[in-house]
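Please build the complete structure, drawing on both the sequences and the hints.
First to last, the protein sequences are chains A and B.
FYI, in this note's numbering the residues of the first sequence are 218 to 341.
FYI, in this note's numbering the residues of the second sequence are 2 to 329.
Check the hints yourself; a few may be wrong.
Said to hold, decoys possible - Here chain B is said to cover these stretches of chain A; the calculated rule only asks that three of the stretch's residues, wherever they fall, bring their Cβ under 8 Å from a Cβ of chain B:
1. 260–273
2. 280–293
Said to hold, decoys possible - Straight-line alpha carbon distances no greater than 25 Å define the calculated BS3-like cross-link-like pairs of lysine-lysine that follow:
3. B:K301 x A:K266
4. A:K266 x B:K104
5. B:K9 x A:K268
6. B:K101 x A:K268
Since the hints were made in silico from the structure, they are not lab data.
It should be emphasised that the depicted structure is a prediction, and the values quoted were computed from it without experimental measurement.
No residue lacks a Cβ here, since even glycine has one placed at the ideal position from N, Cα and C.
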Amino acid sequence: MSQQESLYEKLGGEAAVNAAVDIFYRKVLSDDRISSFFEGVNMETQAAKQKSFLTMAFGGPHNYSGLDMRRGHAHLVERGLNDSHVDAVIEDLGATLRELGVKEELIAQVAAIAESTRNDVLNR
Amino acid sequence: MANIRYAKDNFELGENQSVLDCLTDRGVPVPFSCRSGVCQTCLMRATGGTKPPEASQQGLKDTLKLQNYFLACVCHPDTDLEVALPDDDDIQAVIPATVKSLKLLNSEIMYVALECHAPIDYRAGQFINLFQDQSVGRSYSLASVPHEDDHLHLHVRRLPQGRVSGWIHEELRPGQTVQIRGPGGDCFYTPGNAEQGLVLIGTGSGLAPLYGIIRDAFSQGHTGPIRLFHGSRDQNGLYLTGELRDLVRQYPNFDYIPCLSGGDVAHHFAAGRVHDVAFRHIPNLKNWRVFLCGHPEMVKTAKRNAFMAGASMKDIYADAFNVSQSST
Ligand SMILES: Cc1cc2nc3c(=O)[nH]c(=O)nc-3n(C[C@H](O)[C@H](O)[C@H](O)COP(=O)(O)OP(=O)(O)OC[C@H]3O[C@@H](n4cnc5c(N)ncnc54)[C@H](O)[C@@H]3O)c2cc1C
Ligand code: HEM
Ligand code: FES
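Below you can see the structure in the form of structure tokens.
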């Protein structure tokens, strides 16, 4: 038997991230619950960071440690980032994948990866 | 705290201070203009084995990145950095150019044609930095198309009390030699996908790069629809209207929509702010390529609106004509 395909491979790898990034970022920017966290920053840099986020959530290769997640979101926690915002991000992520026709079973796995970073992102 | 080493001096970098501010506060004559990482006027180089932060190299050509060039105005290093101004003998060497002609396109915009003393490899829509003297340079976009035009063409809008634009309008004369550097920027036409729709939105002298990009697209055989929206407050702010209407007659896939935001609007003009008019004309931008040039607020708003209207981020090209708020 050949090696088992990883979640990232099942989703379609980097091409899947590229297909998802515009849709996801558009959802985030039009989501009143969280859009304020993404306002006023350079859109190109933001899009690049969304890609890092998606790659990580898709189980792809990345170098972020839990500490990086803490540091990277600390300024947002100061501005009131809480559980409801993480819920919103995970919801938008699911909606993005559904729009791309990804199976529910894989969507649940992606959500679980994002979920596993919750405490780091919220710095607790 | 990081230290910045320049020539024989060591300066301590203040909290949240950029390398540019740190050096200019101490009297080092680093040229700058936009202070926001776009115009590349404040180009410097890290030396002595030190490396600039990645964020300070955004938008630079790979060849420059590899040589540790960076933009001082957006450089916030955590560790010590040894820096130098660009040398005259490397790729970003200053190129002398002779002013071939100057002509007012309307009451506030000057057409400038420059003949470079050394060949320069550029794309229509990129910008060059034009220097008034060694420490004062400003970015101007290229309206000319390589292989079609012999010279570099600029459209310079005169700002009240504008140092460089005022100098260009009042003192520059044909025959005079000026120093330029560049080109830079990635707002230009790329071949491939010739059927894609192009929408170009510009205010004021933001027409300069767009005029170059459109003619470049034609010369490369673009077949998809090309829609140009040029905005101004009143009719006096528009220019090249005759040339653009000629292009409309010549190319069936081209449309030119001059927009006036200032009230009474004559026949032949669209009423309203240029990006509002454009998005009304083309509500769904999925699969369109978008070019945005000119007023920074317009560019920022239009970029977001274009993205939300379905344009892919990689298909949005923009140059905000950022003017320094506290200039030398
Ligand atoms: C990538 C890029 C491309 C550019 N391309 C072009 C181009 O093709 N054509 C062009 O004309 N310019 C272009 N610019 C702008 C240009 O580089 C200069 O910033 C501009 O000419 C002003 O320089 P200055 O020395 O005349 O004015 P400065 O002496 O630097 O400053 C002028 C003063 O005017 C104030 N001011 C700012 N905005 C306005 C305004 N809208 N009206 C009145 N006052 C204002 C400022 O606060 C400042 O105090 C571009 C800028 C960038 C970053
Ligand atoms: C659900 C788990 C989350 C994960 C796995 C995650 C992951 C990431 C990653 C990898 C980056 C890029 C960091 C970098 O390269 O600099 C990032 C940046 C960012 N994240 Fe998250 N994120 C999560 C939740 C959230 C939430 C809930 C918000 C706000 C509603 C948020 C807002 C941001 C912002 C604004 C940035 C950019 C920060 C900056 O520009 O300084 N993230 N995130
Ligand atoms: S890029 Fe630094 S001053 Fe414009």
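Against the structure, the hints:
1. 260–273: Our answer is that it holds, as 4 residues pass the Cβ test (under 8 Å) against chain B, meeting three.
2. 280–293: violated (count 0)
3. B:K301 x A:K266: holds, 19 Å
4. A:K266 x B:K104: violated, 45 Å
5. B:K9 x A:K268: violated, 42 Å
6. B:K101 x A:K268: violated, 47 Å
Hints 2, 4, 5, 6, counting from the list given before, are not met by this structure.
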